[in-house]
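Q: The primary structure of each chain is shown beneath.
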Amino acid sequence: MSLFPHRHLLGTETLTAEDLTMLLDLGERFLEIAQRPIKKVPTLRGKTVINLFLEPSTRTRTSFEIAAKRLSADAINISGAASSTVKGETLLDTARNLDAMAPDVVVLRHAQAGAAEMLAGRISARVVNAGDGAHEHPTQALLDCSTIRAHKGRLAGLEVAICGDITHSRVARSNIFALTALGAHVRVAGPRTLLPPGLPEMVEGLGAPLGVHDRIEPAIEGADVIMMLRIQKERIGTGLFPNTREYSRYFGLNDRRLALAKPDAIVMHPGPINRGVEIEPSVADGPQAVILDQVSRGVAIRMAVLYLLAGGETGEN
Amino acid sequence: MDLCIRGGRVIDPARNLDAEGDLLIEKGVIAGFGAGLAAGVSKSTRVLDVRGSWVVPGLIDLHTHLREPGQEYKEDIATGTRAAAAGGFTAVCAMPNTLPPNDTRAVTELILRRAATVGAVRVYPVGAISKGLKGESLAEIGELREAGCVAISDDGRPVMNAELMRRALEYARTFDLPLVQHCEDLTLSDGGSMNEGPVATRAGIKAQPAAAESSMVARDIELVALTGARYHVAHVSSAESVRLVREAKRRGLPVTCEVTPHHLSLTDQACAHYDTAAKCNPPLRGAADVDALREGLRDGTIDAIATDHAPHSSVEKDVEFEQAAFGMIGLETALPLALDLVRTGLLTPAMLVTRLSAAPAGIFRLPGGRLGEGQPADVTVIDPEAAWTCDAKSFLSRSRNSPFLGRALRGRATLTIVGGKLAFSEERYRE
Amino acid sequence: MVRIPPPDSNLIERREILDQAGIARALRRMAYEMIERNADSHRPLYLVGVRTGGAFLAQRLVALMSDPKESHAGPTPLLGAVDITLYRDDVFHGLPKPEIGPTELPSGIEGQTIILVDDVLYTGRTIRAAMDVLADYGRPRSVQLAALVDRGRRELPIQPDYVGIQVQTTETESVRVMLKERGEPDRVVLRERRS
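Protein chains in written order, with this note's numbering: chain W, 1 to 317; chain X, 1001 to 1431; chain H, 2001 to 2195.
Same shape as in the complex, but just chain W:
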């Protein structure tokens, strides 16, 4: 195992199984720190992490902030509406101004796909993509894989169902890449209006073929893991979907559908949950749900990411 061979973390698409495993293994080590009396190690003392969140998010931002602080780094939060024409200052100008203050890492969340990649080419700090539009959310996929591995002991060979609005989901994309690369068999399911074209091509050369279904029952049948995605309220009532009742009736995870999966299947959700829409409260609060585990692993995974990126030069000095 060598130091992480990437300068930034923009997505899981280009991470190898080795990269992913290194991150997961490190995440396990950092989980421990949350159990200590003093939940802090001095490793990133003197390093600066800027959380540039141009799309609203409390939980992910808090998770990154806690991760940075537990490593003794200085964490600074900057929120705002998406840049450019609204404020007058472009994303690049905002980033360059921050870069001039020499942060070590910029964690960026943005409403538009490609924003993190754009930044990574133009500033000298390391960039962590905390979600760029519908494109990728790599730390979410990592903490999801970490949670699955902890409960199932492995990822290879598992049947994983990802259900919901695939078209607009960066969580789905990042998980499809990561899980497939680590040997899982992924199936996606959702109403046809929320399934984009070209899904099977996403995993070409990565691993097991991707199953695509326009009803969730075939995806859930025999699954080891069920990952439910959040349906955004704004999409309901448009041409994409009639209403929440129809959605929960035909595409929601309830006890009856859950019974189609393996008896020891785990239920996951990136949060925040729409109770009664994509997931019934009885399932969300039930024994098979591991949603809170995901959150606690989120901090540990983000610590692992910051540790590897803020840790100076990759490879030999």
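Hints are computed from structural coordinates only; laboratory data are not their basis.
Residues from chain W shown here face chain H by an in silico Cβ test under 7 Å; the list is partial:
(1) Arg29
(2) Glu32
(3) Ile38
(4) Val41
(5) Pro42
(6) Thr43
One side of the interface only, derived from the structure: several residues of chain X facing chain W at Cβ under 7 Å:
(7) Gly1197
(8) Pro1198
(9) Thr1201
(10) Arg1202
(11) Ala1203
(12) Ile1205
(13) Tyr1274
(14) Glu1320
(15) Glu1322
If you want the ones that stay clear, here's a sample from chain H, every Cβ over 10 Å from chain W, calculated:
(16) Asn2010
(17) Ala2024
(18) Ile2035
(19) Asp2067
(20) Lys2069
(21) Gln2144
(22) Arg2153
(23) Val2167
(24) Glu2173
(25) Arg2191
Being a predicted model, the structure only gives us computed values, none of them experimental. Beta carbons: idealized from backbone N, C-alpha and C, even for Gly.
Based on these hints, arrange chains X and H on the given structure of chain W.
A: Chains X and H in isolation, oriented as in the chain W frame:
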């Protein structure tokens, strides 16, 4: 000054000519062609040695955005026509989506006046179909015709309303103007920045399906059948659109269309890493579409190559992909990209010259496109194998938004002659 | 000062400092010394090994100190281990393997008599980091230091209380403790960088 273009390969498909010889130009018109004519010219005639080059009728671009009036920071008539001349074009058709749009004779006259003063090549204005390009009511098409417009278009935008489109076609027919439609059903494209397909899915970018273009092509063809007016599809980009145009021609309908050099050479892969220089409308599509476009160009379904030269500054392009403006410059890279199609055997040199000169002239009924005696001396000399690298410093356009920056290209215009005057010449021909 | 350990292939063995019997003798003597020096303490000792070599040695010492066959055996000492990777002052200087192991300090260190155990004591920076780890877990009564090999060339004011063997080394040399717990025969060897 009189000119003698000596020793080139003269390709004039309109007159079935492809032979080596000397071309004479006197008082701004073609005076004659033949082998060895150079020997007999007077001392005041300037002889230009073009051995190894092609000599063709001046290239005509049916689709250029000169940005003047209103957006001169991106391009203006002076810089745009200089870029055209450097690209080998002797004439450009200027699209009306300026500020203010070209929907009145006043703007048409302004454009023509500016072109007469600072234009390096001929400028033919294209007038608006609807007032303000809003797609609600007809512009003063008769007056636009009289003022000098050679076609009408709302380019940049489609005419969404079928009833208005029908009336525009009928009305344009009276004034014998071709109607150029930017085919895009806005409800289907819905703001998508890329072609709907695996590349956009992977990139997480909101995309538009090819059907947004072809559904409107299909609708418009029915309206052409209804009205009998001349109709031209701008920048065709999808296999389905090509099929529909092929079928329309088979039905004998007056439908023509054009394709851009970038749609012939790039796929949506060029956008995979959010390169805004590759963001255009219609978007770059998949390999199957590119193949269909090439085949359409070869079999004549696609009549012409037109650049859709769309200059934008860094303010519009150096931003997030979904926010960036659509379009790329193309006047100075069109020729090498088009010549690639000859090199791969898709087109013969004569076919290429037709698509870039005689056919555009025919569609808009413009002078030019042939090198017959007495014709205006609009001539392009091309070195088809000249190797050069596309770099920002070499562009004459005011803008730099091209996905071909840094690429090694082959072929360029070495001389561009408009009305017998040198609009552009390479270093070695400058006095 | 940054010290990057040379990759193994660059090192050649010069001589053997201790063989298996030598290591066993040294550890037994150190165990006796620990019991002797802390005889007045009513509480059991708390041996904390510094991963990874020190942790295995701490385990062996605890076994020796509580072996009923040994005449001076006393109450079984407590056993813990610390991983100092996250506390190093040179973690970012291109070390090839920043593997982080778990820090396990069962039954709290508050008020305990801790003996840190490491395989090789060199600059002292590892022990400084180990003491920082302990400080984040509580306040021991006292901390003593045991090292199987003291190779000198200290860069910090840190001295061992118990030493297996002392050797003088140069900057280009390195001392390697091989242990059967790590799949190698018990030996301590002196190596030098290939010139």
